[in-house]
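This is what each chain is made of:
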Amino acid sequence: MDFVTPKKSGIDFMDMQQINDKVLAGGRISSAEALILLEQGDLYQLGFLADAIRKRKHPEPMVTYVVDRNINYTDICVSACKFCAFFKAPEDASGSILTNDELGRKIEETLALGGTQILLQGGLHPDKPLEFYEEMLRFIKSYGIHIHGFSPPEVYHFAQLSGLPIKDVLIRLQKAGLDSIPGGGAEILNDRVRSETAPRKCTADQWLGVMEEAHNLGMRTTATMMFGHIETLAERIEHLSRVRELQDKTGGFTAFIPWPFQPDNTVLAHLAKTTAFAYLKMLALSRIFLDNVDNIQASWVTQGPKIAQLSLSFGANDFGSTMIEENVVAAAGVGFRLSEAEIRKLVEGAGYTPCQRTMDYTLVS
Amino acid sequence: MESMVARAGLGDILEKVKAGERLTFDDGVRLYQSNDILAIGYMANLVRERLNGDNAYYIYNQHVNYSNICTNLCKFCAFGKDKDSAQAYEMNIEQVKAKIRERLDEPISEVHVVGGIHPDLPYSYYLDMLRGIKEVRPEIHIQGFTCVEIAHLAELAGKSVADTLEELVAAGLGSIPGGGAEVFSPRIRQITCEKKLSGEGWLEVAKTAHRLGLKSNATMLYGHIETIEERVEHLEMLRNAQDETNGFLTFIPLAFHPKNTELADLSKTTGLDDLKNIAVSRLFLDNFPHIKGYWVMIGPKLAQVALSFGADDMDGTVKEELITKMAGGETSGAMADTELIRLIREAGRKPVLRDTLYNVIEEK
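Which chain is which? The protein sequence lines are A and B, in order. Everything in the first sequence is counted per this note's numbering, starting at 1 for the first residue and increasing by one. Everything in the second sequence is counted per this note's numbering, starting at 1 for the first residue and increasing by one.
In short, the hints are calculated from the structure, not lab data. Mixed in with the good hints, there may be bad ones.
Pairs of lysine-lysine residues, derived as BS3-like cross-links and limited to a Cα-Cα distance of at most 30 angstroms, are as follows [stated by the list, open to error]: (1) Lys99/B x Lys18/B; (2) Lys55/A x Lys259/B; (3) Lys106/A x Lys128/A; (4) Lys18/B x Lys22/A; (5) Lys83/B x Lys259/B; (6) Lys259/B x Lys345/A; (7) Lys16/B x Lys55/A; (8) Lys82/A x Lys22/A; (9) Lys75/B x Lys345/A.
Now the in silico label distances, taken between C-beta atoms and shown as ranges [said to hold, decoys possible]: (10) Lys259/B x Ala112/A: 25 to 35 angstroms; (11) Thr362/A x Gly11/B: 53 to 63 angstroms; (12) Thr99/A x Glu194/B: 38 to 48 angstroms; (13) Glu60/A x Ile225/B: 47 to 57 angstroms; (14) Thr362/A x Lys259/B: 30 to 40 angstroms; (15) Arg28/A x Gly11/B: 24 to 34 angstroms; (16) Thr338/B x Pro199/A: 44 to 54 angstroms; (17) Gly11/B x Ala25/A: 20 to 30 angstroms; (18) Glu139/B x Asn265/A: 54 to 64 angstroms; (19) Asp26/B x Lys55/A: 40 to 50 angstroms; (20) Ser31/A x Lys259/B: 43 to 53 angstroms; (21) Glu60/A x Pro119/B: 55 to 65 angstroms; (22) Ser31/A x Glu363/B: 54 to 64 angstroms.
Quick caveat, the model's predicted, so the values are computed rather than measured. All C-beta atoms, glycine included, are put in the ideal place defined by N, C-alpha and C.
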């Protein structure tokens, strides 16, 4: 088939055409082919391929979103990641932990707005025992809301503190009310990048290990990628490849959410911000590469409403969450806010029907 | 990727675009009706590449909005104020000169002068303003006074538009900006800006300017109450005028910003609206050399992406712009030229610093 000839040298027309043909025939691309696409592919080539896959996986003209609230139970964190503007070091007196009263109020507000879940994440607190988190889950669960909580670095941290195996920690959390696990803390699943930016956070293998255990216990999870800082393009593809490998094994990921690093107020503030152009290419490549992940989410909170709407033509079939509350990206100086009504309008404006969903992509009638 | 365009039902338009054939009114309507932004953008990108290669232009300019006092008070405008309003202001000639003087150390090549339809500033004020700017910065190009203002100045002067323009040029005017075109349709003007110069009148001023050797730009304010047909009619009128005089340099689709206007209950334009207007105008206006993705109006993120959807110009560093800002434009303000250059490069284009008339000042 015909396409825009890549401008840079180093790859000939036939190679690129083979990649196009393979993708359109439903084939899986290799990491080497993904790198060629990302480095030398044209914006339209990536967009058209991603859109074709998106239409194949989701033939119905529908874009989903979830109504939820991010509750960050604490900002106290021992990890001190260089890309984070949210955490407070344990010795910093301004750090805090939410009380049950505060938690309860936030949950009630969420339910009143038609919310179906709480995204519960926090810093790696130095000394709270596992029982503390179990109690928090039981308290939240008493409201009867879905708890999407504790990203793998938190679960790994709980295991370290308690001396229990990951599996046992997950079983206890699940018993206390945990329903599913968010894909945060994945950053870039490569240990060079992790040791330079977040040396105290769990390794790539450990992150994937938590997800594998969770999937084996029947919990669904998402996966994220925070790109556009010190990683190479090859390392981004390594990240995609690790997610794809685990998904082949367990099938437990519901969605993939790539979002660009927001440098303001972080140790890495000197780095240039990923542009919209680069975001759309990465989003499209994620859709093309992750042939075994059903859903790809647009990141309106980092990209704003205009680019998020355009994302629907570059592989995204989901608008993510309404984020009644969001603190982590806001701390990095990005202030996009959208109401459910605005999200619906953007989706309709692009020619799709907006549909509220739950974490596992069941539609809310 | 051409089969994707065909799958979007636009294969016949793609054939025309590839052959360099002019699109019809119906083609324009179909493009606006389609939501397949990749297919539309792909075609617009072919035309952009044919006309402008890898170049993406920007300019180092300064805006002077000399007064917001206006008798037209168009419903879509948050800038114009009645003379008695507490927010009304006007600059005297010394204040305008001081604004220019403030930035003499910057490599500004153009000053963009736009105001309202002021009820009682005399004709001499406008001539003095042009002379004053030139006195402070003789080499600067003044792009000033929309066709609506020019028609008003001709009335004040009691002279023909052509004679008035000649006097303005003698006083320092270099070219004419594209504002005030809004949507040419009499229906739209009747509802939103009935006191404003008509669409025909706007085009007459532009063509008169072109015949005198002046270059000008053209705009369309989209995203309020206009229909798709009215947009295409607007583009067609511009295309016809350009066939006659060939004096338009750039078409600038302007996104309507509802905040603080009488149409504040309308929604803001979406990214899809903005890109579609850029892409369709690039496809339809085959005789316009340039299409601008004005970042102040649509935000730097979308303006960067627009470089792949038909736009070849991002405007400039823009400081002190008030018209979009008053209507709640979230990105109004200055952008460093280094940031503009980075956005252009990342989009795979060559940043070209231009002057008003698209002479290359520097390739970056």
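Comparing the hints with the structure gives:
no.: 1; hint: Lys99/B x Lys18/B; verdict: 47 angstroms, violated
no.: 2; hint: Lys55/A x Lys259/B; verdict: 36 angstroms, violated
no.: 3; hint: Lys106/A x Lys128/A; verdict: 22 angstroms, holds
no.: 4; hint: Lys18/B x Lys22/A; verdict: 27 angstroms, holds
no.: 5; hint: Lys83/B x Lys259/B; verdict: 21 angstroms, holds
no.: 6; hint: Lys259/B x Lys345/A; verdict: 17 angstroms, holds
no.: 7; hint: Lys16/B x Lys55/A; verdict: 27 angstroms, holds
no.: 8; hint: Lys82/A x Lys22/A; verdict: 39 angstroms, violated
no.: 9; hint: Lys75/B x Lys345/A; verdict: 24 angstroms, holds
no.: 10; hint: Lys259/B x Ala112/A: 25 to 35 angstroms; verdict: 28 angstroms, holds
no.: 11; hint: Thr362/A x Gly11/B: 53 to 63 angstroms; verdict: 38 angstroms, violated
no.: 12; hint: Thr99/A x Glu194/B: 38 to 48 angstroms; verdict: 60 angstroms, violated
no.: 13; hint: Glu60/A x Ile225/B: 47 to 57 angstroms; verdict: 32 angstroms, violated
no.: 14; hint: Thr362/A x Lys259/B: 30 to 40 angstroms; verdict: 38 angstroms, holds
no.: 15; hint: Arg28/A x Gly11/B: 24 to 34 angstroms; verdict: 30 angstroms, holds
no.: 16; hint: Thr338/B x Pro199/A: 44 to 54 angstroms; verdict: 32 angstroms, violated
no.: 17; hint: Gly11/B x Ala25/A: 20 to 30 angstroms; verdict: 22 angstroms, holds
no.: 18; hint: Glu139/B x Asn265/A: 54 to 64 angstroms; verdict: 42 angstroms, violated
no.: 19; hint: Asp26/B x Lys55/A: 40 to 50 angstroms; verdict: 27 angstroms, violated
no.: 20; hint: Ser31/A x Lys259/B: 43 to 53 angstroms; verdict: 47 angstroms, holds
no.: 21; hint: Glu60/A x Pro119/B: 55 to 65 angstroms; verdict: 57 angstroms, holds
no.: 22; hint: Ser31/A x Glu363/B: 54 to 64 angstroms; verdict: 36 angstroms, violated
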